[in-house]
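Asks: Full structure from sequences and hints, please.
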Amino acid sequence: MDFNNKTRIAKHLKSPNMTFDEPKGKIHKSFLRFVTDVKQGKYHGSFEITSKTVDLLKQLITDENFSNAQGMMDTIRTHGRYLHKALPVHASVGNMARRVLKIVREEYAAGRENKSEELDPQDSLHKIVTSVDIGEDYSSPVPDLKSGVLEHISEFQMELETSIDNIAQQAQEHIHSNEIILTLGMSHVVESFLRKAAAHRKFDVIVVDCEPLGKGHELAVSLAKSKINTTVIGDNAIFGIMSRVNKVIIGTHTVMANGGLRALTSCHSVALAAKHCSVPVIVLAPMYKLTPQYLCSYDQDAFNSYVAPDGVLDFSDHPTLSQIKRYCPVFDYVPPELVTLFISNTGGHAPSYVYRLLSELYHPDDYEF
Amino acid sequence: MSRNKSNKDLDSLKKEDVVQAVVVADNFSDAFVPLTNETPSCLLPLVNTCLLDHTLEWLSNSGVQEAFLFCSRHVEKVKEHIRKSKWGDSTSPLLLNTIVSETCLTLGDAMRDLDAKGLIRGDFILVMGDTVANVNLLPILEKHRKLQKVDKGLAMTVVYKYAGPSHVGRAPQDDVLVAVDKKTSKILFHQKRIASNDNKKVHIPMEVILDRPSIDIYNDVIDTHVSICSVSVLPLFSDNFDFQTREDFIKGLLMNEEILASSLAAYCLSDREYAASVNSWHMYKNVTQNMIHRWTFPLVPDMFTNEKEIYQYLRGNVYKQHPVTLASVECFLYIRSSIIEDDTVIGGGSEVGESSTIRRSVVGRNCHIGNGVKIEDSYVWDGCIIKDNCTIQRSVVGSNCVVGEGSVLSQGCILGQGVQCPPGYTGNTRLQSCQGDDDDLDMVGDAAYIVKLDNDDSDSEDDENQQIWSDLYCSNQIEEVDGDSDESSEMSDESDRSISPVLDDTKLFYNEVVDSLKRGYEDKLHCDNLILEINSSRYAYNVSMREVNLLVVKAILNLPKLESGSYLPQLWPLQTYFMPIYKNYIRNPTAQIDCLQALQELAMAEQELLTAVPKLLSVLYNQDILNEEVILKWHSELEGDSEAEDLYKVAGPFIKWLEEAEVESEDESD
Amino acid sequence: MDAQGEVADYFSAILRKDNDVSAGIAAIRTLLHFLEKDNSNTMQELDNKLSKAIAAMRKTDHPVTSVASGTELFQRFITLTPLDMSFDQCKASMLERGKHFLNKLTESRDKVAKTAAPFIVDGSKILTHSKSRVVLQTMKEAAKANKRFTVFVTQSSPDKSGEIMCKELEAAHIPCTLILDSAMGYVMEQVDMVMVGAEGVVESGGIINKIGSYTMAMCSKELKKPFYVLTESFKFVRIYPLNQQNLPKEFKYSASKLQKDLSKEHPMVDYTPPAYITLLFTDLGILTPSAVSDELIKLYL
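Residue numbers (the UniProt record's numbering), protein chains in the order written: chain A, 1 to 369; chain B, 1 to 670; chain C, 1 to 301.
Because the hints were derived from the structure by calculation, they are not lab data. For clarity, every value in this text was computed on a predicted model and none was experimentally measured. From the three backbone atoms N, C-alpha and C, an ideal C-beta is built for every residue, glycine too. Any given hint might turn out to be false.
[Said to hold, decoys possible] On the chain A side, residues computed to face chain B include the following (Cβ under 10 Å):
#, residue
1, K39
2, P88
3, N304
4, K325
[Stated by the list, open to error] Calculated Cβ distances over 10 Å to all of chain A for the following chain C residues:
#, residue
5, H33
6, T42
7, P118
8, F119
9, S124
10, I164
11, Y214
12, L242
13, S254
14, A255
15, L279
16, T288
17, A291
[To be verified] The calculated DSBU-like cross-link candidates involving lysine-lysine, where the alpha carbons are at most 35 Å apart (straight line), are:
#, chain 1, residue 1, chain 2, residue 2
18, C, K144, A, K26
19, C, K125, A, K26
20, A, K58, A, K275
21, B, K143, A, K215
22, B, K143, A, K52
23, C, K144, B, K374
24, B, K518, A, K42
25, A, K85, C, K125
26, C, K99, C, K125
27, A, K85, B, K149
28, B, K374, C, K125
29, C, K264, A, K85
30, B, K146, A, K102
31, B, K149, A, K42
32, A, K225, B, K143
33, B, K84, B, K583
34, C, K224, A, K85
35, C, K125, C, K140
36, A, K42, B, K387
37, A, K29, B, K77
38, B, K518, B, K583
Replies: In structure tokens form, the structure reads like this:
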């Protein structure tokens with residue numbers, strides 16, 4: 001296809017999230033600061049970013065005054081949209097805004113006098129047939145809405161904090177004695193998962209190094225310290241070693257709505273090799289990584305991020321510098337059919353079940369900000 | 001990434017020492033004329049964001065808490081910019097103080113001014129306002145402090161970046177050869193490579209190598225113009241008025257290490273770290289390319305933190321800015337059947353017409369590019385209108401220019417802001433939009449005048465200009481290799497053109513001495529000041545003492561030639577006037593030999609001077625500058641030299657007199 | 001019987017007059033019209049009459065699948081009507097809500113187009129099968145957003161509906177190529193995705209669509225191209241076919257041919273199992289095949 005060589009650009013799509021120009025004054029200063037910090041890499045890993053987002057949103061709700069639930073939701077949505085637009089790669093940031101919106105909706109529904117009217121979030125055939133008006137405007141005053149929401153968010157924060165532990169608790173169900181487990185890169189969830197399993201069972205771990213970004217050796221060192229038999233291999237050895245592996249256990253950056261993954265580069269190779277050798281692929285994904293987004297194209301806006309190509313080629317390698325194109329993408333897309341099982345803090349799920357989890361986590365009206 | 005640690009690093013630094021940086025807003029050169037006529041150099045856009053913003057962004061990222069922005073030219077514009085940007089905001093993580101001193105003409109002046117103002121409390125980071133970097137400064141600062149504990153006199157850590165000898169990222173003016181003590185990171189030797197270019201040899205003094213277990217000699221580093229300074233740097237500048245540039249400072253310190261009791265350290269950046277100062281078109285091009293290639297990550301277009309400037313990153317290093325809605329007017333990128341190829345950045349609100357091609361270029365915001373336009377290796381700034389069927393290659397089009405239909409701009413053509421290029425214009429010169437002070441500029445169109453660069457000083461300047469002009473395109477050769485073959489053949493003869501004669505330092509030094517003397521004589525400056533000036537030039541060009549002697553004498557004797565009128569009548573007043581200079585330089589027998597050598601060379605070439613030799617010798621003799629032994633020795637050596645026969649004869653009577661006088665004095669002593 | 005004939009005529013007239021209406025919508029409109037005219041006194045009577053009317057429509061020569069799903073939905077709508085009032089009041093409210101219901105259904109195509117259009121990225125090549133209004137609408141939507149893409153349309157024997165599709169795309173200035181049905185495999189390697197409509201979506205998440213869809217789905221699976229189905233939610237039907245033979249005969253053959261020797265007739269539709277479908281774009285959102293049964297359970301539980 002000639003599009004591989006030439007990027008032809010058509011008159012640009014005027015899609016809603018692009019033309020939104022939020023007046024800067026409306027955005028809380030702490031959010032502006034947060035975006036800058038995230039872009040400059042001042043936070044490590046998605047968990048830190050996620051919990052910081054919830055903190056910020058909580059602070060926002062505490063600081064501002066709202067006349068009703070609608071006002072509160074509008075403010076959250078404005079900030080959520082800002083974060084989503086400014087940090088498109090960090091899907092969990094948008095997810096947290098969606099989650100908080102959902103919390104407000106729930107609290108509102110709970111606080112309404114008319115409790116019998118159940119709010120089913122899903123736009124369903126059933127609803128079309130029964131013709132229930134969804135026109136809930138969230139404008140009725142609800143006493144103690146704010147305190148209710150804040151309390152609910154605190155609960156949610158607790159859940160967030162324990163999510164990695166909760167996943168690790170399930171380790172024994174998935175790792176058995178004398179198994180060979182393959183993992184890649186550096187993931188805190190995987191690290192605690194394997195550690196937890198090692199407390200009861202003996203097994204071997206193979207870590208794919210994931211050059212240049214993955215820091216697999218860091219994970220290997222940490223595992224070796226907890227007396228787990230650990231081997232580090234290069235990315236090129238993935239296929240060769242796969243036939244000896246019993247299970248692949250990896251972390252991910254984001255779980256897409258169809259159950260596909262946006263994960264560290266090399267994940268696709270690992271998943272494909274595993275498929276070839278019929279090795280199950282288990283993905284550890286706390287709930288906040290589930291995002292209602294789909295992959296339309298591999299060149300999709302903000303799907304991937306590219307860092308300095310120093311890991312690919314040194315800057316001082318002069319003669320080649322100007323003639324060779326260098327890229328260093330961070331993510332791979334792994335299609336859902338290569339994933340066997342997701343383990344989240346609430347248990348194990350099949351990739352096809354992700355849509356269902358999503359509908360429980362977020363309100364469909366909030367999928368798009 | 002190393003920068004991830006900045007938070008922790010920050011904590012580890014003691015609370016009370018705030019990390020301070022001095023940002024010098026001006027580059028004190030006219031490299032970017034005519035674009036810097038109205039705009040300060042730090043506000044020129046690089047990849048659609050001005051250089052100063054890049055610099056400040058980096059500083060705030062790398063843990064600097066307080067910065068002093070030193071402005072000297074176009075102060076109001078800089079202030080205005082700061083006020084409007086996020087740096088002027090109360091929430092800005094970087095505390096920015098603006099210092100104004102309109103009289104400053106060099107970096108040295110700026111440093112002296114800062115010293116006088118006494119704002120700097122401790123070690124500080126000195127950067128130019130045109131730096132693009134992603135390096136975390138805190139580790140370098142830490143290292144500087146560690147070295148400081150061992151070596152109290154450590155004045156400055158100079159930051160270098162590795163880049164092979166013929167790396168495209170090297171600008172000729174930043175080409176250096178450095179010798180560093182491996183153990184202490186102390187710089188022992190520093191030389192601009194441009195001087196030794198023709199003989200390919202480097203002379204490293206013996207004492208550099210002696211007494212040290214191991215030294216590193218770097219040929220593959222470039223100066224990033226970033227330095228960590230101890231507080232002693234400012235007084236050093238104040239005490240030595242001849243330090244005008246950072247280069248002077250480094251040279252001066254190395255030369256007079258014992259006297260000034262100060263030393264320098266070197267720090268080489270790893271491959272992961274990037275830093276460069278955009279002080280020439282050559283660097284402008286390189287840094288732009290590096291940024292597009294993401295070496296400066298996270299300082300890349302799609303990561304710019306300005307929330308209205310969101311770029312989309314596409315395959316082939318193409319960056320496209322998202323459309324933005326501004327006051328109900330819909331602006332969006334409008335490109336149809338046009339081809340945007342590799343390494344290109346296009347700003348928001350720009351329109352590109354049918355069948356236009358853009359390659360390896362940057363197009364600013366709200367540009368209108370017509371149909372059938374070809375833009376290659378060029379930089380088109382904001383708000384330009386490029387009419388149909390233009391070709392722009394290796395050129396810079398300043399903001400709000402209009403390029404008429406069918407124009408061809410090529411090979412280092414630079415259009416100043418607001419130039420209106422007439423249709424069908426073909427050229428490769430610099431154009432500016434208004435007449436300016438002198439009204440003898442050649443007019444090309446309504447608002448298009450050919451820029452006249454100041455080249456009346458001397459022929460050397462002319463060469464320098466030539467160099468800057470060729471900067472933009474001479475370095476394209478390597479990139480062009482992958483281009484079409486016909487293009488590369490065109491390139492090859494271009495590269496021949498672009499190699500301008502390299503001036504050796506001695507010649508440059510001589511020219512400067514002549515300038516100083518001439519000005520000094522005209523303005524009746526005190527000779528002490530002239531000596532100071534000559535000394536500073538000497539440091540700048542790294543000229544040996546003997547050469548200085550020779551050249552100064554030559555310069556003095558040559559001065560009358562530059563004036564109109566006959567030679568001799570002007571010679572004598574000059575000699576009397578410059579006698580203190582003779583006295584300063586011609587102090588010992590070796591210097592006297594140099595002096596005579598100069599005299600001899602000139603006299604052999606200049607008939608009029610030849611006749612004046614006896615008188616000149618007697619004057620210098622009577623002033624105790626030359627002593628008789630040296631003169632006699634010199635004269636005896638002339639004997640038999642066929643070329644110097646005339647001189648021998650002419651000097652004869654004076655020598656005879658001298659010999660007689662000697663005999664007489666001997667008689668007297670008896 | 002008269003009434004039944006009338007119903008069939010009314011139904012055929014709607015489809016004749018308005019090309020842009022899907023058979024399912026037409027069936028629901030007919031039933032609403034029938035309800036308005038109806039003079040039954042009890043719910044039971046009404047229900048019986050409706051069943052007869054539905055049977056009449058199914059006997060017409062129009063694609064039966066969407067008629068089946070549409071009418072089924074309508075019946076469900078009737079049954080879900082609260083019955084805590086007099087029959088007349090009940091009917092009035094039914095009519096009132098029926099209009100609302102119909103409006104929602106007619107909006108659904110736009111909704112699908114809006115969700116699916118972003119998946120057409122600039123420069124893509126799309127293969128589609130036969131004629132589908134919702135696919136056409138989606139492509140128009142994408143073209144409106146100034147995306148440039150080319151479409152391959154199969155001729156789609158025996159009714160050559162692909163030719164109509166091709167003309168309509170050309171009218172919308174979308175570059176398209178008509179290909180033979182048998183050239184599916186040939187074209188597949190150069191396309192980026194397959195987009196088809198559906199006559200019905202079954203409980204497994206598979207689809208019933210114009211004959212050849214199954215072949216196309218298998219080809220795309222083999223060449224690892226995404227197979228997208230664009231469909232409105234009223235096309236969800238409550239059947240669970242296990243294979244092609246398992247599909248009801250009236251779905252496969254038009255009513256007029258059912259009397260003939262079926263072994264000599266061409267089936268009009270085939271069943272594409274969910275394993276071949278990447279995603280379904282519906283007015284309820286983007287669904288994975290497994291989400292379809294969820295929706296149906298919610299409705300018919």
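Asks: Now look at each hint and say whether the structure bears it out.
Replies: Evaluated hints:
| no. | hint | result |
| --- | --- | --- |
| 1 | K39 | 5 Å, holds |
| 2 | P88 | 9 Å, holds |
| 3 | N304 | 8 Å, holds |
| 4 | K325 | 7 Å, holds |
| 5 | H33 | 19 Å, holds |
| 6 | T42 | 22 Å, holds |
| 7 | P118 | 6 Å, violated |
| 8 | F119 | 5 Å, violated |
| 9 | S124 | 7 Å, violated |
| 10 | I164 | 27 Å, holds |
| 11 | Y214 | 19 Å, holds |
| 12 | L242 | 19 Å, holds |
| 13 | S254 | 27 Å, holds |
| 14 | A255 | 27 Å, holds |
| 15 | L279 | 6 Å, violated |
| 16 | T288 | 5 Å, violated |
| 17 | A291 | 5 Å, violated |
| 18 | C:K144 to A:K26 | 32 Å, holds |
| 19 | C:K125 to A:K26 | 42 Å, violated |
| 20 | A:K58 to A:K275 | 43 Å, violated |
| 21 | B:K143 to A:K215 | 26 Å, holds |
| 22 | B:K143 to A:K52 | 33 Å, holds |
| 23 | C:K144 to B:K374 | 28 Å, holds |
| 24 | B:K518 to A:K42 | 58 Å, violated |
| 25 | A:K85 to C:K125 | 29 Å, holds |
| 26 | C:K99 to C:K125 | 39 Å, violated |
| 27 | A:K85 to B:K149 | 48 Å, violated |
| 28 | B:K374 to C:K125 | 28 Å, holds |
| 29 | C:K264 to A:K85 | 59 Å, violated |
| 30 | B:K146 to A:K102 | 54 Å, violated |
| 31 | B:K149 to A:K42 | 30 Å, holds |
| 32 | A:K225 to B:K143 | 31 Å, holds |
| 33 | B:K84 to B:K583 | 57 Å, violated |
| 34 | C:K224 to A:K85 | 32 Å, holds |
| 35 | C:K125 to C:K140 | 14 Å, holds |
| 36 | A:K42 to B:K387 | 45 Å, violated |
| 37 | A:K29 to B:K77 | 27 Å, holds |
| 38 | B:K518 to B:K583 | 18 Å, holds |
Checked against the numbered hints above, the structure breaks hints 7, 8, 9, 15, 16, 17, 19, 20, 24, 26, 27, 29, 30, 33 and 36 and satisfies the rest.
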